[in-house]
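Those protein sequence lines, which keep their order, are chains A and B.
In the working numbering, each residue carries its 1-based index in the first sequence increased by 27.
In the working numbering, each residue carries its 1-based index in the second sequence increased by 27.
What the hints contain is simulated information worked out from the structure, not anything from laboratory work.
Computed from a predicted model, the values in this text were never measured in an experiment.
Hints are supplied without guarantee of correctness; some may be wrong.
To be verified - Each computed SDA-like pair below joins lysine to any residue, with the alpha-carbon atoms no more than 25 Å apart: (1) B:K111 - A:F68; (2) A:K92 - B:G128; (3) A:K104 - B:E110; (4) A:K111 - B:M118.
There are 2 protein chains.
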Amino acid sequence: MLQYSESLDLAFHALSDPSRRGMVERLTRGPASVTELAEPFAMSLSAVVQHLRILEASGLVRTEKLGRVRVCQIEPKALQNAEKWINDRRMLWERRLDRLGKFLAEESNEKDQGSTS
Amino acid sequence: MLQYSESLDLAFHALSDPSRRGMVERLTRGPASVTELAEPFAMSLSAVVQHLRILEASGLVRTEKLGRVRVCQIEPKALQNAEKWINDRRMLWERRLDRLGKFLAEESNEKDQGSTS
Chain A
28 MLQYSESLDL AFHALSDPSR RGMVERLTRG PASVTELAEP FAMSLSAVVQ
78 HLRILEASGL VRTEKLGRVR VCQIEPKALQ NAEKWINDRR MLWERRLDRL
128 GKFLAEESNE KDQGSTS
Chain B
28 MLQYSESLDL AFHALSDPSR RGMVERLTRG PASVTELAEP FAMSLSAVVQ
78 HLRILEASGL VRTEKLGRVR VCQIEPKALQ NAEKWINDRR MLWERRLDRL
128 GKFLAEESNE KDQGSTS
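Only chain A is shown next, with the shape it has when bound in the complex (with noise of 0.2 Å):
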């Protein structure tokens, strides 16, 4: 089991690559062998399962062998711990700036009062 800091740096290098974010995007759409998952690419067939393997090894894709063919298909839990970990940075963001807005109105309304007492 990979610790929670770990998946995150492997789920986002995973995803700082056009070539592997393009395949997570054909994957959202259903299940696809591996040369379905390649014929989109312009790039070797091997290059493609490299891909694949940095894909699985950060827990976004799962394959599988069926017979004689790898379907592989997308893990949800992965993409949804990343989205997490920047939705709850960016709240915390939004929080601050509220907090801020906050303190700016309330300073001038008391210098506003000030100024007419």
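Position chain B relative to chain A; hints supplied.
Chain B alone, transformed into the frame defined by chain A:
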């Protein structure tokens, strides 16, 4: 101006390192000087600056020289883009699952009706 795909490459690459994620996390709580940012990390200031360069190049962090201090702050746009990319894929995948669920439910209804008529 970075292309959308290239900026995703850089953002996900920047987020694939635990120290850089730690720096983003720190900056979501408010701006910090380079020295403040370096404080919790057991690494040299020059290693911190290296990480900071990667964060700046990715658009996740902006730094600005204020007098003699370099102040770092979060740039929410790049964080939003990375989150949106993952979210869009996850939504596609969930919609596909919903359709699949509906299809299977209808199929099983039809079978039930077939067996009782």
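Structure-based check of each hint:
| no. | hint | in the structure |
| --- | --- | --- |
| 1 | B:K111 - A:F68 | holds (24 Å) |
| 2 | A:K92 - B:G128 | holds (24 Å) |
| 3 | A:K104 - B:E110 | holds (15 Å) |
| 4 | A:K111 - B:M118 | holds (14 Å) |
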